[in-house]
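K.L.:
Make a model of the complete structure from these sequences and hints.
Chains as they are written, first to last, in the numbering used here: chain U, 1 to 328; chain P, 329 to 656.
Hint data in this document are derived by calculation from the structure and do not stem from the laboratory.
Treat the hints with caution; some may be incorrect.
What follows is a list of derived Cβ distance ranges for each label pair [what the hints assert, rightly or not]:
hint, chain 1, residue 1, chain 2, residue 2, range
1, P, Ser452, U, Ser91, 34 to 40 Å
2, P, Met437, U, Pro327, 33 to 39 Å
3, P, Gly642, U, Pro299, 39 to 45 Å
4, U, Asp295, P, Ser422, 37 to 43 Å
5, U, Arg162, P, Gly341, 17 to 23 Å
6, U, Gly325, P, Ala494, 38 to 44 Å
7, U, Asp295, P, Ser485, 54 to 60 Å
8, P, Ala494, U, Gly178, 40 to 46 Å
9, P, Met437, U, Arg70, 53 to 59 Å
10, P, Met437, U, Ser208, 50 to 56 Å
Here a beta-carbon is modelled for each residue, glycine too, at the ideal position from N, C-alpha and C.
There are 2 protein chains.
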Amino acid sequence: MQTAELIELWRGGQLESLHRGHVVVCDSRGVVEAWGDPSRTIFPRSSCKMMQALPLIESGAADAAGLTERQLALACASHNGAKIHTEAVESWLSTLGLEEPDLRCGSHMPQDSDENRRLTCSDSAPCQLHNNCSGKHAGFLTLNRHLRGGPEYVDPSHPVQRAVKAAFEEVTGETSPGYGIDGCSAPNWSCTLEGLGRSMAAFANPGSDRRGQAMRRLTDAMRRHPEMVAGEGRACTILMRAMGGQVAVKTGAEAVFVGILPEQGLGFALKISDGATRASEAAVTALLVHLGVLDKDDPAVTQFLTGKQKNWRGLVTGELRTAKGFPN
Amino acid sequence: MQTAELIELWRGGQLESLHRGHVVVCDSRGVVEAWGDPSRTIFPRSSCKMMQALPLIESGAADAAGLTERQLALACASHNGAKIHTEAVESWLSTLGLEEPDLRCGSHMPQDSDENRRLTCSDSAPCQLHNNCSGKHAGFLTLNRHLRGGPEYVDPSHPVQRAVKAAFEEVTGETSPGYGIDGCSAPNWSCTLEGLGRSMAAFANPGSDRRGQAMRRLTDAMRRHPEMVAGEGRACTILMRAMGGQVAVKTGAEAVFVGILPEQGLGFALKISDGATRASEAAVTALLVHLGVLDKDDPAVTQFLTGKQKNWRGLVTGELRTAKGFPN
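P.N.:
Below, the structure is given as C-alpha cells:
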C-alpha cells in the first residue's frame, strides 16, 4: 500500500508543499479506519513513553517509591524544560537519593521561553534536568532502584531496558525488528504503525489485570496533568486541555502522534513520512475532530490546522489544509 | 511524472523518514538531467532573488545609486540579520535618504546568534533591518527611487513589482499562473521547476546584451560575497565558500535550492515537496558533488549530508542518505 497525502500547505491559491504519511485508528479488535499503509514499520520515538512506563508500575517500583499521579504523567512526558518540570524531576531524584549526574539523557536547551532566556542571558549551560525526557529517565531510575541494576540504565541489555522491551513487544503484539538510539540515548524499538495503534487501543480498553490497571493509571495521569506531559504552548498540552481531559495524546520526534480515547474505546497512531511536526500536529487535530472528541470551532483547531498562515507584517499568506480524503 | 525519493533519514539500520521532491539540471538548450517531475509548478520563494534584482541593474538604478558589488550580493540575500547585514542595509537606505520605516518587509528575530542574543537579553525588539530580505527590499527601494513610484512598493501593481514580474516571466520563459505573498510581503510568482532551472542556466550562460551583463554582475556578486548572501553557519555561505567562488547557490523557503555554474554552463533547481530545509540542504550538497563542483571530502559535505546524526550525549543515532537513484 502507498503513503497517503495528508496535509497540504497552500499559498496564493496554489499548492506549495505536501506532507504524506500513514494513519491508523484501532479498537480492541483491530483496525477500524486507516489512511496510507498501517503495516509500515516506524520508530514510535517519544510517542510510546506510556508503554515504556508500564514496567515502572507493574514491577511495584512506582508504589514502592510512592510516586504521585503527577510524577507518572512526567514519566510519560516530552516536557518543555520549564521550572515546573525541572524542579519536579530534581525533587523526584532526591527522594531516590540521586542527583542530576545520575541521569543518562544528556542536556539540551529547554523549549520553555522563560527558562531558555534565563539560561541564554546568564550564560548558563542547560543541565540534564532540562532534557525533555528527564521525567522518563527519572522513571527508569525508579525502576532501576527496584531492580537493583547498575548505573548505565540506557544500555539495551540493562534490566530496565529489557523490561521496557518486553512490555513493548507484549503490548504491540509484535517482535520488534530492532532498536535505534533515541535523542535521550535510550533504545527505541520499532514496530508497525498498526502495532502502535493497537497498543493505544489496549490503553483505551484496559483490562482488570495488573497490566490493565497500569495502563489505566498512566492514561489518567496524562489526561489529568496535561501541563506535565509537554508544557505551555505545546500541542499535546493544548489539545488535551481542549478535550477537557477526555483523551490522552502524545507526540514523538519525526512527526509521530498517538491518542488514547477511553470513552470511545479507540486508540490511534500516525506518522508523517517526512518527519515534519507542523504536519503531525495538523493531522492529529484533523483526526481528533473527525473522531468527534475535539470541537471543530476550538481555538486549538485554528492554531494547528485551520488558521490562516500570516507573515511578519500579519498579512495572510496561505493556509494548511487536509488533503482530499483525509479525513473522509 | 511522479515525485522522486531524494533524501532518507536512517536510525538503527532502519529507514525512519523520507523526503521526496523534484530536481532539474539545465544547460542553455534545456533540461540535461532530472529527478521527479520538472513540469511541476512551484513557488521559488527567495531562490529567485537574483531574478528579482535584474530590473535594479537593467533600469540603470543600481549604477545611478553607485551600488557596490557587495550591495548587489545583499540584494540577492536571505541574510542572518548579523551586524554586517543590518549595518550595510541601514547605510544603503541612508544614501537614498530613507530609513528603516520605509521598508515593507516586516520584522523578525535574526538567525545570527550574537545579534539574537543581544536583542533577547536587552529585551529589544528586532526591526525591519533584521528581516532576512531587507537587502532585497533596499534594492526595491533603489529601483523605486529611479522609477519615481509610491511608497507601497510591495503592492503587485506597483511599478517595482511590475518590473520584477516582467523580468521573471521573460527569464523563465513562462507566463506565471499567479503569485503568493512571501514572508517579506513581496509578491512571489510561481513557475515550473524547469522554468526555474532554465533561468539558472541563463545566468550561467549570460549573453553580451543588457540582460546578460546584469546576470553576470549578480552571479559574480553572489559568489564573491558569500557572507552577504546568507551568513555564518548557513548553507549558502558555507557551500559557496567550499566551492571557492566557482558557483552561486541560493536557497528559498519551503526547501527550494538553485545553483548557477558558469564554468560548466549549467543551472539547476530543486524543490523538496514537504518543505524541509534539512532535505534541500542535503540534496543540493549531493547534486553539487554529482556535478563535480564540490569535493566529496569537503567538510560541507559532512555537515549537510554524510555526517552521522548524533544525540545530546554525542552518541551516533543515524544518518542522512541519498535515496537510490539520486544522484545516479
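K.L.:
It remains to establish, for every hint, whether it holds in the given structure.
P.N.:
Hint by hint, here is what the structure shows:
1. P/Ser452 with U/Ser91: 34 to 40 Å: holds (36 Å)
2. P/Met437 with U/Pro327: 33 to 39 Å: holds (36 Å)
3. P/Gly642 with U/Pro299: 39 to 45 Å: holds (40 Å)
4. U/Asp295 with P/Ser422: 37 to 43 Å: At roughly 53 Å between Cβ atoms, P/Ser422 and U/Asp295 fall outside 37 to 43 Å, so the hint is violated.
5. U/Arg162 with P/Gly341: 17 to 23 Å: holds (20 Å)
6. U/Gly325 with P/Ala494: 38 to 44 Å: Roughly 40 Å apart at Cβ, these two residues keep to the hinted range, so it holds.
7. U/Asp295 with P/Ser485: 54 to 60 Å: At 41 Å between Cβs, range violated.
8. P/Ala494 with U/Gly178: 40 to 46 Å: Between P/Ala494 and U/Gly178, where Cβ atoms are some 57 Å apart, the hint is violated.
9. P/Met437 with U/Arg70: 53 to 59 Å: violated (34 Å)
10. P/Met437 with U/Ser208: 50 to 56 Å: At 53 Å between Cβs, range holds.
In the structure shown, a violation is registered for the earlier hints numbered 4, 7, 8 and 9, in ascending order.
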